[in-house]
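Q: Which chain is which? The protein sequence lines are L and R, in order. FYI, the numbering used here numbers position 72 of the first sequence as 74, with every residue one higher than the one before it. FYI, the numbering used here numbers position 124 of the second sequence as 126, with every residue one higher than the one before it.
Calculated from the structure, these hints are not laboratory results. Treat the hints with care, since some could be wrong.
You can't tell identical chains apart in this list, so a pair holds if it fits in one copy or across any two.
Capping the alpha-carbon separation at 20 Å, the derived lysine to any residue pairs in SDA-like fashion look like this [said to hold, decoys possible]:
| hint | residue 1 | residue 2 |
| --- | --- | --- |
| 1 | Lys221 | Gly31 |
| 2 | Lys165 | Leu104 |
| 3 | Lys222 | Arg176 |
| 4 | Lys50 | Thr239 |
2 protein chains.
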Amino acid sequence: MFSVTILGNNSAVPAYERFPTSQLVSLNGNQFLIDCGEGTQMQLMRYKIRYSRISHIFISHLHGDHYFGLIGLINSFGLLDRQQDLHVYGPSALKDIIELQLKVASTRLPFQLQIHAIESQGILVETEEIKVSFFPTDHRIECYGFLFQEKTLPRKLASQRNKPRTYAYCADTRYDERILQHIGEVDLLYHESTYLHDQHEKAELRYHATAKQAAEFAKKAGANRLLLGHFSSQYETIQGFEDEARKTFAASENALQGVTYLI
Amino acid sequence: MFSVTILGNNSAVPAYERFPTSQLVSLNGNQFLIDCGEGTQMQLMRYKIRYSRISHIFISHLHGDHYFGLIGLINSFGLLDRQQDLHVYGPSALKDIIELQLKVASTRLPFQLQIHAIESQGILVETEEIKVSFFPTDHRIECYGFLFQEKTLPRKLASQRNKPRTYAYCADTRYDERILQHIGEVDLLYHESTYLHDQHEKAELRYHATAKQAAEFAKKAGANRLLLGHFSSQYETIQGFEDEARKTFAASENALQGVTYLI
């Protein structure tokens, strides 16, 4: 099974029980966490996810709603006596932030924590089963998206299609066609839609995108399906995002917390 | 009204919907936050507390379950366009941790954030209405408790009693009678009880206390009432803490999330 589970779908300030960004990608028992906003560990518990299996964590950028929950998760892994290595990837200052917080508490982790700085673009993980690569997006600070590519197609799917499945997480970004080259004809595309399109000027100013822009991007990318997320706290309900996107790209849906989407 | 509202009552790893430590002390519209574990801002929202009024935040020590939620709360204050000054008090490294995280995101706060290092003991706040002081506790790393003293007794209470009301928060600590001198005959005492007494050796080893010890401490202090908290994640239910403490000190109760206790 190749899937993504939404742990948080809100932007900056948490609101209406919507948590800041975090997603769990699973492939045949391997687990990868994308971003880790505050409360991610509570969400993992709430949805009864056996998160000890997370081997790699990818942090798109250092706005707090994408990583403030990381130190708490690492700390809990330690208290729960995790043994296996944990690899964390993110912009270079992440290592300083995490290590400073471990140091002041005299924390000795029972596992190897390796924090890798990422820059520009490249491959992060490559096994027999999966390849994870990263690429830049257009945001106010250094920010990256991640592409998950299945390496071999399960036999039962091989008769139905001729290419391995892919999931692209485009992080926080303005509408930016330069991203297209990095993701190809993706099966499932996550594109942020912080605002509805009547606020496209605000979106542009704040380096975010609208639901309509996310849908246009999905269409241009030749994606099979689109997931919308990173909703602004100004919206009490989010149905409008899905409605707006579907006018441009029919296979659009809101990324809902606690829901697992097959890729 | 002089009260404390419990936002989180669990220790280290959050569990069973119990969040890590945070408490809100209110006196006539003034609000003070004690500790700020991960998810504190979500708890403030869940309980519909108008938290913009928080003027001072006191961090007892730099174990993550007492401060990992602070950067998120500060960040949200900024996004919500807070204007009034915010004073944060805690061990000296706290300033570095917060400032580093603000810096990497190029965050410009619209309010004055003043982070004060505390050391040893002394007075933190003194107005016409309240005095807040701090004192050392016996924990694995530098750790402080806080004493809240009402300065003048409301007229309607003056006929019933002859001294202003007090609340002592004894943070994380072993059983330690040296703390008694700092708190006096306190009205409401919060004392941690991470474990039940059958695990008193583990408690001692980890610089924590048991429910029985918390009750003994309350008795020695001549406290009116005792609140128990900082429950270990090994306990799925917490009724046992209250039961154990009441055998030694009848006016004991568990600190429950979302509940406001009058002082």
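Q: Hint by hint, note whether the structure agrees.
A: Evaluated hints:
1. Lys221 to Gly31: neither (31 Å within a copy, 53 Å between copies)
2. Lys165 to Leu104: Intra 43 Å, inter 43 Å, cutoff 20 Å: neither.
3. Lys222 to Arg176: within (15 Å within a copy, 62 Å between copies)
4. Lys50 to Thr239: between (25 Å within a copy, 18 Å between copies)
Checked against the numbered hints given earlier, this structure breaks hints 1 and 2; the rest are met.
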